[in-house]
Amino acid sequence: MSDNIVLCGVGGQGTVLASQLLAAAAMARGLPVKTAETIGMAQRGGSVFSHVRIGDGAASPLIGCGRADLIIAFEPAEAVRQLAYLRAGGTVVVSSRPIIPVSATIGGPAYDLEAIMAYLQGYVENPIVVDADAAAADLGSEKCLNVVLLGAAVRTGALSLAVDDIRAAIRMRLPERFHELNLRALEWAPVTACA
Amino acid sequence: MHEEFLMGNEAIALGALAAGVNVVAGYPGTPSTEVLEAVAKRNPGTVYVEWSVNEKAAMEVAAGAAYAGARALVTCKQVGLNVASDPLMSLAYIGVRGGMVVMVADDPGPISSQTEQDTRTFAQFAKLPIFDPSSVAEAYEMIQEAFDLSERIGSPVIFRATTRIDHGYEAITVADGADWRRTEPTGFARDSSRWVIFPRLSRANHAKIEARNARLSDELSSYTRNFIMPEGPSAPRVGIATHGISTMYVEESLAADTCPRLLRVATPFPFPEDLALEFLSGLDEILCVEELDPVIERALLQICGKHGLDVRIRGKLTGDIAPAGENTVASVGAALAAFLGTAPPARVGPNALRLPVRPPVPCVGCPHRASFYAVKKAMGVRKTVYCGDIGCYTLGNARPLDMVDTCLCMGAGITVAQGIFHVEPDTACFAFVGDSTFFASGITGVINAFYNQADLTLIVLDNSTTAMTGHQPHPGTGRTMMGATVEKVSIEAILRAIGLAVVETVDPLDHAHAVETVRRVADEPGVKAIIFRSPCVILAKPQATSHVDGDSCIGCKRCILEIGCPALFLEDGKARIDSSLCTGCTLCEQLCPVGAISGGERL
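Note that the protein sequences, when read in sequence, are chains A and B. Sequential numbering of the first sequence, starting at 28, is according to our numbering. Sequential numbering of the second sequence, starting at 622, is according to our numbering.
Honestly, the hints are just simulated from the structure, not real lab data. For each residue, glycine too, the CB sits at the ideal point set by N, CA and C. Certain hints may be false.
[What the hints assert, rightly or not] Which bits of chain B does chain A cover? Going by a derived footprint, with three or more residues having C-beta under 8 Å, they are:
1) 788-797
2) 830-836
3) 943-954
4) 1008-1022
5) 1180-1191
[Claimed, not checked] Examples of chain B residues lying across from chain A (beta carbon under 8 Å, computed):
6) P652
7) I732
8) Q735
9) F809
10) E873
11) A967
12) L974
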């Protein structure tokens, strides 16, 4: 049993914390875990990714192309950017909200959300699209998209972790004043079984 | 013993603590920074730890401590080792008493660096033993072994890791604090025949170093982290030689029964020659799977030549492995398949969809954006050159600001601007330098330019932290890694002491005043300075946000096109601000021609 997860997004969105919560949840279950993080210049608004490998048989912290079971994308274009890692039949959980790069707003190649979502739908069967704007409005915070996505990801059943494992990881890893918000965030996304 | 989920750099720090390190000095640089930070965080109170002003200072502090019998650790990134190379090259000849490890983080890719240099090659040049771990768990153990070797041979040793180990996390078993080694430094013993480097001493010591390294090559052949993994039952008569994180990529790519004989080299210098001979024995062909330089490949070629072995050595020099860039599971898998004649791993083609690029840019609300914009507006169409430097503000090169014409290495902006001035005296030369870089290696450049009668404008972008690497303190912040509050070193006072007549400090987010100041100061003769002071927005965490009044906005797009703020975008012909990103810095408010933007608060 092993889970290979790619988390991706834009620097500053909280991908590193999400990967840490997954790792903490796996460790609490007694599972071996390795991760690789993007830390450094790319964190300043650039494309970032984390690789999380849970279970036996992971030598490298990096996942090979076509070997990820799950992509958790904090941004639609970044989901597409990482698709080469997804194995056939793998799952994609993606935030609906685009973050338009400055290169596009000042007249570079345009950000075409419709084309991006269409490509994603064509590449993966039933990508799980999380409505980030609705989540932020309901939860009253922009800061917990990472946990909303984790909740959606875990409930696909694509991982060997359960919602309770992430709940415990939140209590263990986050300061107490953030528990209530993040526990609500974890429950926010509707239950969607993956195909 | 207990288990912890650790970043590689944290594991290295805990390993150093477990080895009884007494003194730790370094300069921040991705991907090395977290080692020193973790030492400071886990400091039982007995370790002296400092962010030095630069790597050269760190190396010398550590050397002094090791002269006095302490165990000392230096941390830096690969290009930081260049800065520290002067003391290190000499220290290799002088040696130490306490164990001294120089921890260097290499950055294949490069992901966050100017060069893709390989510290294994540097170690050969410096004639110093080097350790090259393959995993987080091994890094923890190996740094302790590095301290032991250093102390035993009385020489600094290099410990080198790469990004995927530095910034990889693993759950590993570590010693409890109570079981950490306690090192009692013996103190410095005066002996000028040992500690004062003179040509006569260097000549004698050079011969000793060569003899020691030959001896170490023998010893390291039986170091358990240099090993041969025997071939599987149905393996061909070929071998794979590898190192570091690439070992893991090889492991991911090969099945146990057909896996050829494997050589894993953990000490590329001195190279474990006897072990390599055993590895080569009976094989026809070797593939060296290396990241960065072909260090193992060259060593094996040398051994084959020396011993007249008829083994074909393949790798980077034969075009089987890419000469540059980071290895990946996919690249190593493809190279192994080609070498072994097996089916290549399934290749996933590039996306059919062309995505907009997303390079890093200055943060929303970053004061550097305002500083660059002020200079840009002030100088207009005048003939200028903008020399940049190393830090967040290198991102000032991004369009639409496009305000960084050169960037070379730490501190170079000032002296490069000086060089351009001497060739093009009619160009208004600017040098942009951050506060931490100014202290690290900018001051000597200012003195050089001032003394040699250059005409240039120095812009110090002072956000009162070392932002790019994660907000480390420096001499201008008045905080140390020992937790003390100390007197701040004043950038203004330094510049005035050098002799600069014009030194002005301005808030870059006061746009009109900033522009006026640049216009005025740039026309002064000689070397003059403007300090743009405004706190890093990541630390300041401002609460206000600006918003656009849709009725007033005329859709001129000036705010979007002029400053490239990631929070600004156009919707239905009007400017809009993403309130989840905006920090209310007010820069866009100040340049809106119709006053349609409001709500921000200048820090």
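Going down the list of hints, with the structure as the test:
1. Chain A is given as covering the segment 788-797 of chain B, and this holds because 5 residues of the stretch bring a CB closer than 8 Å to a CB of that chain, at least three being needed.
2. Proximity of the segment 830-836 of chain B to chain A, defined as three or more residues with a beta carbon under 8 Å from a beta carbon of that chain, is not established by the 0 residues found.
3. Counting residues of the segment 943-954 of chain B whose beta carbon lies closer than 8 Å to any beta carbon of chain A gives 4, which reaches the threshold of three, so the coverage claim holds.
4. Counting residues of the segment 1008-1022 of chain B whose beta-carbon sits less than 8 Å from any beta-carbon of chain A gives 5, enough to reach three: the coverage restraint holds.
5. Counting residues of the segment 1180-1191 of chain B whose CB lies closer than 8 Å to any CB of chain A gives 8, so the stated coverage by that chain holds, three being the minimum.
6. Interface hint at P652(B): satisfied, since its Cβ lies 6 Å from the closest Cβ of chain A, which is below the 8 Å cut-off.
7. Hint on I732(B) holds. Least Cβ distance to chain A is approximately 6 Å, under the 8 Å limit.
8. A distance limit of 8 Å between C-beta atoms decides the matter here; for Q735(B) the minimum to chain A is near 11 Å, and the interface restraint is violated.
9. At its closest, the beta carbon of F809(B) sits 38 Å from a beta carbon of chain A; the interface hint therefore is violated under the 8 Å criterion.
10. Contact between E873(B) and chain A, as hinted, is supported at the beta carbon level, the nearest pair being about 5 Å apart and thus within 8 Å.
11. The interface hint given for A967(B) holds, since its Cβ lies 5 Å from the closest Cβ of chain A, which is under the 8 Å cut-off.
12. The criterion of a C-beta within 8 Å of any C-beta in chain A is met by L974(B), whose closest approach is roughly 4 Å, and the hint holds.
In this structure, the hints that do not hold are numbers 2, 8 and 9, in rising order.
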